[in-house]
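Keeping the supplied structure of chain D fixed, place chain B upon it in accordance with the hints.
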Amino acid sequence: MSDNLQPRSADEASFAQPLYTPIKRRSFFMYAGATAGATALVLAGCSKDSDSTPVNNGISLGSGDVGVLNYAYALEQLEAAFYAQVKASTNTGLSAAETAYFSEVAAHEAIHRDFFKAAINRDAPGKILQNLTPNFSNIDFTKRLKSGTDTKLGILDAAKAFEDLGVAAYNGAGKLIKTAAYLVIAGQIVSVEARHAAYVRELITPNTFSSSDQVDASGLDKAMSPMDVIAIAQSFVTEKLDASTVGK
Amino acid sequence: MNLFNIIEHLAEVDSDVLGRFDSRRAVFNSLGSVAKRAALATSPLFLGALFQKAYAGTTSTPIDVLNYALTLELLEADFYRQFIAARQIPSGADDTAIRLIKSHEDAHVTALTAAIRALSGTPVAGTATTGIRFNASLLPASYADQLKLAQLLEDTGVRAYKGRAAELLGAPNDLLTVALQIHSVEARHAAHIRSMRNQLPWPNAADDVATDTTYTGGVPNTSTTSTVVTLGGTTYGIPAYERTKPSMAESNINQGAIGTKAALPITTAFGDTPPKYSADDAAAAFDEALQPAEVLDASRAGRLLA
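Residue numbers (this note's numbering), protein chains in the order written: chain D, 1 to 248; chain B, 1001 to 1306.
Keep in mind the hints are simulated off the structure, nothing from the lab.
Take the hints with a grain of salt, since some may be wrong.
Capping the alpha-carbon separation at 20 Å, the derived lysine to aspartate or glutamate pairs in EDC-like fashion look like this [claimed, not checked]:
no. : chain 1 : residue 1 : chain 2 : residue 2
1   : B       : LYS1102   : D       : GLU202
2   : D       : LYS222    : B       : ASP1174
3   : B       : LYS1102   : D       : ASP213
4   : B       : LYS1261   : D       : ASP123
5   : D       : LYS222    : B       : ASP1106
6   : D       : LYS127    : D       : GLU239
7   : B       : LYS1148   : B       : ASP1207
8   : B       : LYS1261   : D       : ASP65
9   : D       : LYS248    : D       : ASP123
10  : D       : LYS127    : D       : ASP65
11  : B       : LYS1148   : B       : ASP1094
12  : D       : LYS117    : D       : GLU239
13  : D       : LYS178    : D       : ASP65
14  : D       : LYS117    : D       : ASP242
15  : B       : LYS1102   : B       : ASP1145
16  : D       : LYS222    : D       : GLU202
17  : D       : LYS248    : B       : ASP1174
18  : D       : LYS117    : B       : ASP1272
19  : D       : LYS248    : D       : ASP65
20  : B       : LYS1102   : D       : ASP216
21  : D       : LYS87     : B       : ASP1280
22  : D       : LYS178    : B       : ASP1174
23  : D       : LYS175    : B       : ASP1174
24  : B       : LYS1148   : B       : ASP1208
Partial chain D-side listing against chain B, Cβ under 10 Å, derived [claimed, not checked]:
no. : residue
25  : ALA107
26  : GLU109
27  : ALA181
28  : VAL192
Chain D regions said to be covered by chain B (calculated; three or more residues, Cβ under 8 Å) [what the hints assert, rightly or not]:
no. : segment
29  : 118 to 126
30  : 170 to 180
31  : 202 to 209
Here a beta-carbon is modelled for each residue, glycine too, at the ideal position from N, C-alpha and C.
Okay, chain D solo, but in the shape it has when bound (with noise of 0.2 Å):
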């Protein structure tokens, strides 16, 4: 993303909140890929944020350490609820075994939601970040794969940008974590996160568990800033998001 770009002060900050949001989605278009999932998800986006107050800087997810604990919890949060209704759902078009991966997932993404708030209240109690409300409206729960003329995201297309968006996320906040068990706790399950994207990856296109849209010419895999992924979730909660403090 071009500095030139980004607001220079508080007050460009919100006078260009509409313009420079398309921007992130634009960024998250081409971490996704050129698929039709993410030009649902952009478009999706797109004309939820028409409605948001510019001026609403949305709830804070704190700073320091517990900002960075914070956010994982949100994308926790997101991540185990989305795996729930998966699990709630009938007429998924997932295979058996599919279902009963999926039902395992549900279980590992949940326990990290119930790890983040247990470790956020003994660590920084009063801290913690309220229960979001997931909007998943973009998401067809009985569909596997999006195919042709649909809209929404099937199954496995959210599956697999909530995993590769994850794994990009930890991957950028290792770095404004300040106490080093914190960090060893993020290694432990981002590595967790990395081997469910590259598992749904397998079940859309084989080959594609660590493919050159995820992993650069270093073999390097993503890295986000907290502001670039929340923008991207953003679409996916009901509550605004403020990243701006995390890790500051």
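Chain B in isolation, oriented as in the chain D frame:
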């Protein structure tokens, strides 16, 4: 010599230095009277002790950490070279996958070598016949066993990066992020090779290799645990093995111990009756780290080096 100045200067290059001491106040209180402070502060012994404590366990430099990572990448890259050269891989999807993985390991070797040179360090090196390479006599004959070894190597790599990421906190050139970006690629590789072998994508008790040392913690008490590693003509440091705190096995279900705060037992910590999560799910939700001494031990990757 002014201790306060030294600490202030250190804080400029290492913003967390004060956090590494018990606390600023504790340091000064522990010195007693002003006179005693002044006397002690000019004592090299005192300074040595103070900083040794502050940096205990983090005496390795970023170059040391990168050379350790490069050692593992060279081992992996050479393993895949021999794996492909053995011509047992079925053509089609399997062949494509192994070649893609090898291309990433080669790219990691290139990236880490460049990163070490950028810090004016000397990178470890290896070729098919010299330096750091896979011990050809240990390459299994069958494709199935070769793939099994690939899984063990990838899962070891995932654990190894986790074990040293914290040493790169605050390292220059965004090296921590680079290490994390390699780490998650290793995890993707591991998951896929597991899938190719009809195993679950994460370590679990039902794995056909669940009892392999790749998935356990610690090292046998008889193991050498030197803090200096010399491989391929290059020497680098690793943290002293924390024998009293061996790494957890992958089956571990207690997470989040920090300082004096105990780990949260995942199956029971969240107050659900009956427990909401099984031990299998609790173990699978978190991968575990390995200390360098554990990775380089002859019971793990150490034995695979030529």
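Comparing the hints with the structure gives:
| no. | hint | in the structure |
| --- | --- | --- |
| 1 | B:LYS1102 x D:GLU202 | holds, 18 Å |
| 2 | D:LYS222 x B:ASP1174 | holds, 14 Å |
| 3 | B:LYS1102 x D:ASP213 | holds, 17 Å |
| 4 | B:LYS1261 x D:ASP123 | holds, 9 Å |
| 5 | D:LYS222 x B:ASP1106 | holds, 18 Å |
| 6 | D:LYS127 x D:GLU239 | holds, 17 Å |
| 7 | B:LYS1148 x B:ASP1207 | holds, 11 Å |
| 8 | B:LYS1261 x D:ASP65 | holds, 16 Å |
| 9 | D:LYS248 x D:ASP123 | holds, 17 Å |
| 10 | D:LYS127 x D:ASP65 | holds, 11 Å |
| 11 | B:LYS1148 x B:ASP1094 | holds, 13 Å |
| 12 | D:LYS117 x D:GLU239 | holds, 18 Å |
| 13 | D:LYS178 x D:ASP65 | holds, 6 Å |
| 14 | D:LYS117 x D:ASP242 | holds, 19 Å |
| 15 | B:LYS1102 x B:ASP1145 | holds, 17 Å |
| 16 | D:LYS222 x D:GLU202 | holds, 18 Å |
| 17 | D:LYS248 x B:ASP1174 | holds, 17 Å |
| 18 | D:LYS117 x B:ASP1272 | holds, 14 Å |
| 19 | D:LYS248 x D:ASP65 | holds, 8 Å |
| 20 | B:LYS1102 x D:ASP216 | holds, 14 Å |
| 21 | D:LYS87 x B:ASP1280 | holds, 18 Å |
| 22 | D:LYS178 x B:ASP1174 | holds, 14 Å |
| 23 | D:LYS175 x B:ASP1174 | holds, 8 Å |
| 24 | B:LYS1148 x B:ASP1208 | holds, 9 Å |
| 25 | ALA107 | holds, 4 Å |
| 26 | GLU109 | holds, 8 Å |
| 27 | ALA181 | holds, 4 Å |
| 28 | VAL192 | holds, 6 Å |
| 29 | 118 to 126 | holds (count 4) |
| 30 | 170 to 180 | holds (count 9) |
| 31 | 202 to 209 | holds (count 4) |
In this structure, every one of the numbered hints holds.
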